[in-house]
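**Student:** Please work from the sequences and hints to get the whole structure.
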Amino acid sequence: MTAEALLAWARGPGMQIALAVFFLGITVRIVEMLLIGRAPDLAAPRKSGVAAGWRTVFHRSLPTPGMLKRSPLVFVGGYIFHLGFLIVLVLSVPHIELFHGVWGIRWPGLPRSLIDLAAILSIGAMVALLVHRLVDPVRRFLSRSGDYFAWTVTFLPLITGYFATHHMLLPYTQMLAVHILSIELLLIVLPFTKLIHTFTLFLSRWYNGAIAGRKGVAS
Amino acid sequence: MKKQVTLGEQLRQRGISRRTFLKLCAVATSAMALPPAMIPRVAAALDKAVRPSVIWLSFQECTGCTESLTRSHAPTLESLIFDSISLDYHHTLQAASGTAAEAARDKAIKDFYGKYLLIVDGSIPTKDDGVYSTIAGRTNIDMLKEAADGAVAVVAVGTCASFGGIPYANPNPTGAVPVSELVTDKPIINVSGCPPIPVVITGVLAHYLTFGEIPALDSFGRPLAFFGESIHDRCYRRPFYDQGKFAKSFDDEGARSGWCLFELGCKGPTTHNACATKKWNGGVSFPIESGHPCIGCSEPNFWDGGGFYKALSTTTRPLANWTGAAVVTGAAVGAAAGVAAKRKRSAAKRAHHTVTADELKKKEEA
Numbered sequence: 001m002t003a004e005a006l007l008a009w010a011r012g013p014g015m016q017i018a019l020a021v022f023f024l025g026i027t028v029r030i031v032e033m034l035l036i037g038r039a040p041d042l043a044a045p046r047k048s049g050v051a052a053g054w055r056t057v058f059h060r061s062l063p064t065p066g067m068l069k070r071s072p073l074v075f076v077g078g079y080i081f082h083l084g085f086l087i088v089l090v091l092s093v094p095h096i097e098l099f100h101g102v103w104g105i106r107w108p109g110l111p112r113s114l115i116d117l118a119a120i121l122s123i124g125a126m127v128a129l130l131v132h133r134l135v136d137p138v139r140r141f142l143s144r145s146g147d148y149f150a151w152t153v154t155f156l157p158l159i160t161g162y163f164a165t166h167h168m169l170l171p172y173t174q175m176l177a178v179h180i181l182s183i184e185l186l187l188i189v190l191p192f193t194k195l196i197h198t199f200t201l202f203l204s205r206w207y208n209g210a211i212a213g214r215k216g217v218a219s
Numbered sequence: 001m002k003k004q005v006t007l008g009e010q011l012r013q014r015g016i017s018r019r020t021f022l023k024l025c026a027v028a029t030s031a032m033a034l035p036p037a038m039i040p041r042v043a044a045a046l047d048k049a050v051r052p053s054v055i056w057l058s059f060q061e062c063t064g065c066t067e068s069l070t071r072s073h074a075p076t077l078e079s080l081i082f083d084s085i086s087l088d089y090h091h092t093l094q095a096a097s098g099t100a101a102e103a104a105r106d107k108a109i110k111d112f113y114g115k116y117l118l119i120v121d122g123s124i125p126t127k128d129d130g131v132y133s134t135i136a137g138r139t140n141i142d143m144l145k146e147a148a149d150g151a152v153a154v155v156a157v158g159t160c161a162s163f164g165g166i167p168y169a170n171p172n173p174t175g176a177v178p179v180s181e182l183v184t185d186k187p188i189i190n191v192s193g194c195p196p197i198p199v200v201i202t203g204v205l206a207h208y209l210t211f212g213e214i215p216a217l218d219s220f221g222r223p224l225a226f227f228g229e230s231i232h233d234r235c236y237r238r239p240f241y242d243q244g245k246f247a248k249s250f251d252d253e254g255a256r257s258g259w260c261l262f263e264l265g266c267k268g269p270t271t272h273n274a275c276a277t278k279k280w281n282g283g284v285s286f287p288i289e290s291g292h293p294c295i296g297c298s299e300p301n302f303w304d305g306g307g308f309y310k311a312l313s314t315t316t317r318p319l320a321n322w323t324g325a326a327v328v329t330g331a332a333v334g335a336a337a338g339v340a341a342k343r344k345r346s347a348a349k350r351a352h353h354t355v356t357a358d359e360l361k362k363k364e365e366a
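One line per chain: the protein sequences are U and E, in this order.
In this text, residue positions in the first sequence follow my numbering: the first is 1, and each later residue adds one.
In this text, residue positions in the second sequence follow my numbering: the first is 1, and each later residue adds one.
To give an idea of the interface, some chain U residues facing chain E are shown, with a C-beta separation under 8 Å as derived from the structure: (1) Q16; (2) L24; (3) V28; (4) R29; (5) V31; (6) L35; (7) V93; (8) P94; (9) H95; (10) V102; (11) G109; (12) T173.
It is worth saying that the hints were derived from the structure and are not from the lab.
Computed from a predicted model, the values in this text were never measured in an experiment.
Glycine included, each C-beta is placed from N, C-alpha and C at the ideal position.
**Tutor:** Structure representation (structure tokens):
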């Protein structure tokens, strides 16, 4: 198979399959979780949990006091990776074109130098977090194959995207095909691994906040 | 056999001065990406080169390739060197027709067997025994195989001959194939492009005349000197790509300011050709310079690449319906799974026996 054919497959049928699996998987899991719901709280609520639920959804994106001191690398690396990944995903012009192609909406992007910076910081943070996971005995003990798998499928789109835009390792056409295929792999496995936290974190935060809110305590 | 006239003699007869000839050699040398020190060698070799016999076969094509090579606005050095090869058969250009034309081809094959260059433009239909394109009652497959047998090398000119091109595009009703699928025992040089750049074909001929061998090729059999870099790499609008400045439509501010055409579907990043450096119409401009995105015409399957006006990073198939269907199906499956889980929970609840400490004590004693 030539690089052109691989790229054509990745941009066509491959993306179709990946997006279908992704949306199907995400909807199945979220609808199932919502239907199972929580056991009814029979106690009289101190106040409505709704506001506290929403507050917690946002609040838990902010660092908790003392976290920087407790595990500085996870704190700094975690923020850099997540924000960098989001910037590259949402504000890179080729990606915006993809979203425009699928849903017909478009927004302004960032120059490539800034996208590059976000990608490099993100890649660096991911490598540092992996090393930390491997070196720290407690984290290593707690890590399972699923953790390393999730790291790999998240890392691949970042590194191949960087290589593609900088014409490194492989010719651009091949690297672009590999990059798109790596994203398709990520899309396919995301709903069925712990990467689903991309979506479920909002549910669990809301539940936590709402439960605490009904009891009238801080979450 | 014809009198053996050297290329140098031929050019001098046409009033080409030594100075002009050396200029041509310098251009050809730089076009082939050879060091300047090679210019004298190229000049000596071209001067002494006996006009090589060339047989040109046109199959499923639009004559665009021939037009590109012969219809320059003014006679160029490329066209002069092109005129100076002994084009023994080219059924579009030659004066002879009918049986006389076919006889000319037969004679050239016989006289220069094992020495002539075979140039092919157009793809070759193979479906239904190749009946979709015949010349003088013979199929293209038959004619290609016969001519290729005695050729020293085959130059596939244009994307149709190199990769199948437009006839090869889905659904390929004639079963068209490129030259490389039918000729497997001869060196093949693919000079792709729809049409290819004139200087590329003369560059290849000059290289062959100078060194007696075919130039270095890429993985698609294209001369590296011309196809080694992508359009994007050498595009004068590249800085705008890096700055994130893109034309969003053909008549917006970005388009008027000459910004990058990536969002309008430019295939420059995946297209290898010399348009951005050699340019067209005697070096006047190339498509991107005229405000149109590169359509990737020198790459295999460019016609089926998912739309000329779709950005390279987008999908080639409509996905909104797919994602919608996936969400609806997902909701249904999720609902079923949720109901099943709830049932399981209630069943577990019903099956649950409460046990008192007394009962446990009794059980232990028993």
